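S.K.: Here is what each chain is made of, one letter per residue.
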Amino acid sequence: MKAKSWITICLSMSLLLMFSAPVLAQGVIKIGGVYPLSGNIASTGLDCKRGVDLAVDIINGKYGKDLDLPMAKTGGLPNLGGAKLEVVYADTKGEPKNGMSETERLITQEKVVAIIGAYQSSVTKTASQATERLKVPYVCSDSSSPTLTERNFKYFFRVSPHDAIFARDWFQFLKDVEKKTGKKIATVAILYENTEFGSNVGKYARKYAEEFGYKVVADISYAANATDVTSEVGNLIKSKPDVLMHASYITDAILFTKTFKEMGFAPKGILTMAGYIEPGYLPAVKADGSNIIVRSTFALDLGKKKPLVTKVSQLFKKKYGIDMSENAARSFMAPFVLADAFNRAKSTNSEAVVKALLETNIPGSQVIYPWKGIKFDPQSHQNIYAQGGLVQVQNQQYVTVWPFASAAKDVVWPFPGWKGRK
Amino acid sequence: MKNLSPKTITVGLVVLALLLIFPMVVTQIFPLQIMILVFMYAMLGVAWNIMGGYAGMFSFGQAAFFGIGAYTSSFLLMTFHVNPWIGLIAGGVVAALVAAAIGYPCSNLRGHYFAIASIAFAEIVRVHFNNWTLMNAAEGISLPMLDESFVNFMFHTSKVPYYYIMLAFLILALIVCYFVATSKMGYYFRAIKESHDVAEVLGVNVVRYRLVAIMISAFLSAMAGTFYAQYVLYIDPESVMLLAISVQIVLLSMLGGAGSVMGPVIGAAVLIPIAEVTRVWLGHRGTGVDMLIYGFLITIISVYQPQGVWGLLSRIGNRIK
Numbered sequence: 042m043k044a045k046s047w048i049t050i051c052l053s054m055s056l057l058l059m060f061s062a063p064v065l066a067q068g069v070i071k072i073g074g075v076y077p078l079s080g081n082i083a084s085t086g087l088d089c090k091r092g093v094d095l096a097v098d099i100i101n102g103k104y105g106k107d108l109d110l111p112m113a114k115t116g117g118l119p120n121l122g123g124a125k126l127e128v129v130y131a132d133t134k135g136e137p138k139n140g141m142s143e144t145e146r147l148i149t150q151e152k153v154v155a156i157i158g159a160y161q162s163s164v165t166k167t168a169s170q171a172t173e174r175l176k177v178p179y180v181c182s183d184s185s186s187p188t189l190t191e192r193n194f195k196y197f198f199r200v201s202p203h204d205a206i207f208a209r210d211w212f213q214f215l216k217d218v219e220k221k222t223g224k225k226i227a228t229v230a231i232l233y234e235n236t237e238f239g240s241n242v243g244k245y246a247r248k249y250a251e252e253f254g255y256k257v258v259a260d261i262s263y264a265a266n267a268t269d270v271t272s273e274v275g276n277l278i279k280s281k282p283d284v285l286m287h288a289s290y291i292t293d294a295i296l297f298t299k300t301f302k303e304m305g306f307a308p309k310g311i312l313t314m315a316g317y318i319e320p321g322y323l324p325a326v327k328a329d330g331s332n333i334i335v336r337s338t339f340a341l342d343l344g345k346k347k348p349l350v351t352k353v354s355q356l357f358k359k360k361y362g363i364d365m366s367e368n369a370a371r372s373f374m375a376p377f378v379l380a381d382a383f384n385r386a387k388s389t390n391s392e393a394v395v396k397a398l399l400e401t402n403i404p405g406s407q408v409i410y411p412w413k414g415i416k417f418d419p420q421s422h423q424n425i426y427a428q429g430g431l432v433q434v435q436n437q438q439y440v441t442v443w444p445f446a447s448a449a450k451d452v453v454w455p456f457p458g459w460k461g462r463k
Numbered sequence: 225m226k227n228l229s230p231k232t233i234t235v236g237l238v239v240l241a242l243l244l245i246f247p248m249v250v251t252q253i254f255p256l257q258i259m260i261l262v263f264m265y266a267m268l269g270v271a272w273n274i275m276g277g278y279a280g281m282f283s284f285g286q287a288a289f290f291g292i293g294a295y296t297s298s299f300l301l302m303t304f305h306v307n308p309w310i311g312l313i314a315g316g317v318v319a320a321l322v323a324a325a326i327g328y329p330c331s332n333l334r335g336h337y338f339a340i341a342s343i344a345f346a347e348i349v350r351v352h353f354n355n356w357t358l359m360n361a362a363e364g365i366s367l368p369m370l371d372e373s374f375v376n377f378m379f380h381t382s383k384v385p386y387y388y389i390m391l392a393f394l395i396l397a398l399i400v401c402y403f404v405a406t407s408k409m410g411y412y413f414r415a416i417k418e419s420h421d422v423a424e425v426l427g428v429n430v431v432r433y434r435l436v437a438i439m440i441s442a443f444l445s446a447m448a449g450t451f452y453a454q455y456v457l458y459i460d461p462e463s464v465m466l467l468a469i470s471v472q473i474v475l476l477s478m479l480g481g482a483g484s485v486m487g488p489v490i491g492a493a494v495l496i497p498i499a500e501v502t503r504v505w506l507g508h509r510g511t512g513v514d515m516l517i518y519g520f521l522i523t524i525i526s527v528y529q530p531q532g533v534w535g536l537l538s539r540i541g542n543r544i545k
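Heads up: the sequence lines are chains A and B, in that order.
If you want our numbering, it's the position in the first sequence, counting the first as 1, plus 41.
If you want our numbering, it's the position in the second sequence, counting the first as 1, plus 224.
Just chain A, with the same shape it has in the complex (with noise of 0.2 Å):
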């Protein structure tokens, strides 16, 4: 035989093998993460791993039956004889070109059959890319640029709110505010930083303050590094907005903080996103913080009225002696969603998972947020029923103020002033 045709039958045999259906060994289902696990932003890549370890855990029966979430009382997939799941983490170090080739070599190499994460909108990009050309499902529960679902990939699910409908939460409830206060709200000011992530949150806030009727009086945007903001924060006063939106990161929530403080700028209302929220921000504003008004998908108060989220915060204590964070929360349900649709399709096979993904109908009794459920739109894959909440600095905590059906406490409206605080 000649070399070519050896070389042309080791090929084929090697295409053979890449492209077989993935076997399930041994009543294990392997599923990929990946997750900026080292560089900058490792902490919330790892926060996000606690979340989905603590998942699988469940899921594959360690925590017992008498949790209410997919899965969790039969301990193991039932359709696929108790197969259990098991998660093979990949770092991305937080660059797009990562997300692509470790997303690639899990699903080539490692052979897991559907994929999770990647926290950032920019990775997830790439990553959902990669597992749209090699035909595998990705449910993503933790990236929030709405650009992701509105490419209509056929392989890519989104269980979370997005930064559309966050923004469209802002208004929602100054709409809900005035009817309980019965007092008009007329003015925003919008202000961004200018990265991704707040320029889309500018966008949208523009265009929902346009549908919900409230006037724009200021529209600014800035770089999240800088080190002043005294004529960003002039503008605003200037413009006299009812209410502030902002969309910012850590270190500049800190920073204009302050310097609303400063320079007493003290509108009806502060909604924010995002950085107000990271476990940096209140030890760094201290007293300051107080009744600002931060978005957030969930809070530890919500078990007050579903008591789900307490013993799911007090497993996730138990496990890794800290409370559960938004990010964790948030990855905590990408498993869940995938192990339901495994179940469902009786199968790991990507087109089975996808068709049992778009019939996935898991009702608000079994979610961690205050959601009606998880239930994917037809066309752009993303969650219907995905809402965002907001909660409010009250006494150094936050506290679930909006929607009113699920708030633990009165929301402190109109925003009180600067006096009176050391």
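To be clear, the hints were calculated from the coordinates, so they are not data collected in a lab.
Among the clues, some could well be false.
Said to hold, decoys possible - Straight-line alpha carbon distances no greater than 20 Å define the calculated EDC-like cross-link-like pairs of lysine to aspartate or glutamate that follow:
1. A/LYS347 <-> A/ASP107
2. A/LYS176 <-> B/GLU372
3. A/LYS176 <-> B/ASP371
4. A/LYS195 <-> B/ASP371
5. A/LYS281 <-> A/ASP260
Values in this document were obtained by computation on a predicted structure and should not be read as measured data.
Assemble chain B onto chain A, guided by the hints.
M.R.: Here is chain B on its own, set in the frame of chain A:
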């Protein structure tokens, strides 16, 4: 190839033959990805070497040229459906023009001052792209998925075509570098590197040759940028214009051996696999051990081999002779 010994040519050809059959023997995606990255960074190193290693202009701003290449071809493809191969040339030309525009006013800056100016330049470019709405600002550009073909410079089912294209790019860069190094221009470059004033006194048009070096370097870096965009299919200023990329390029060139044609290639061949493999082995534990090992190896090499890995290899080579 008058200056190459038969032995060097033989070794070169054997290595080339091995690289050519590599994708036929190794069909797993991950090793291919590492090799593609090695080739890409090697090309960026070779491009840097022309200005940094030969002409003595220590640029810490190569990411700007890399990014401009990526952005030019991606923008043309996204907005005007221009074929990426044309975008590749366009990117190179734009990068070279920008390089000339910035290189001219900087032509009297030497040593550290040039390095500082190059950092400032690259950061200005990055911030600009981060806010430039025509270029999708911070959101970045997702490349439209075209049909898989060589003409479209896009392959969805296999990495092998990317491998050969990048290898060809690298060889092209090496040929350019070799001719620059062995031509009269190469001697001018080295004279400028040794001493600006002496070169000028000897009649070398310093400003002009520095510009030539910067422009060649920018053109080649931009080619690698277009490749990156076509390979990853998504770019944003954070992933193609970060200072960390510029530093990585300088690092691997210095480590491999600046001022020799093959130095940056060796540097990339050592550094990139270490970075990737340590990340895959240890990164997922989230302890940062991979970064520690990576840093430790760099320190070891710089302490014991200031000439770079290439210096070590040629010394061994000489001993065998």
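S.K.: Look at each hint and say if it fits the structure.
M.R.: Results for each hint:
no.: 1; hint: A/LYS347 <-> A/ASP107; in the structure: holds (14 Å)
no.: 2; hint: A/LYS176 <-> B/GLU372; in the structure: holds (16 Å)
no.: 3; hint: A/LYS176 <-> B/ASP371; in the structure: holds (16 Å)
no.: 4; hint: A/LYS195 <-> B/ASP371; in the structure: holds (17 Å)
no.: 5; hint: A/LYS281 <-> A/ASP260; in the structure: holds (12 Å)
In summary, this structure violates none of the numbered hints.
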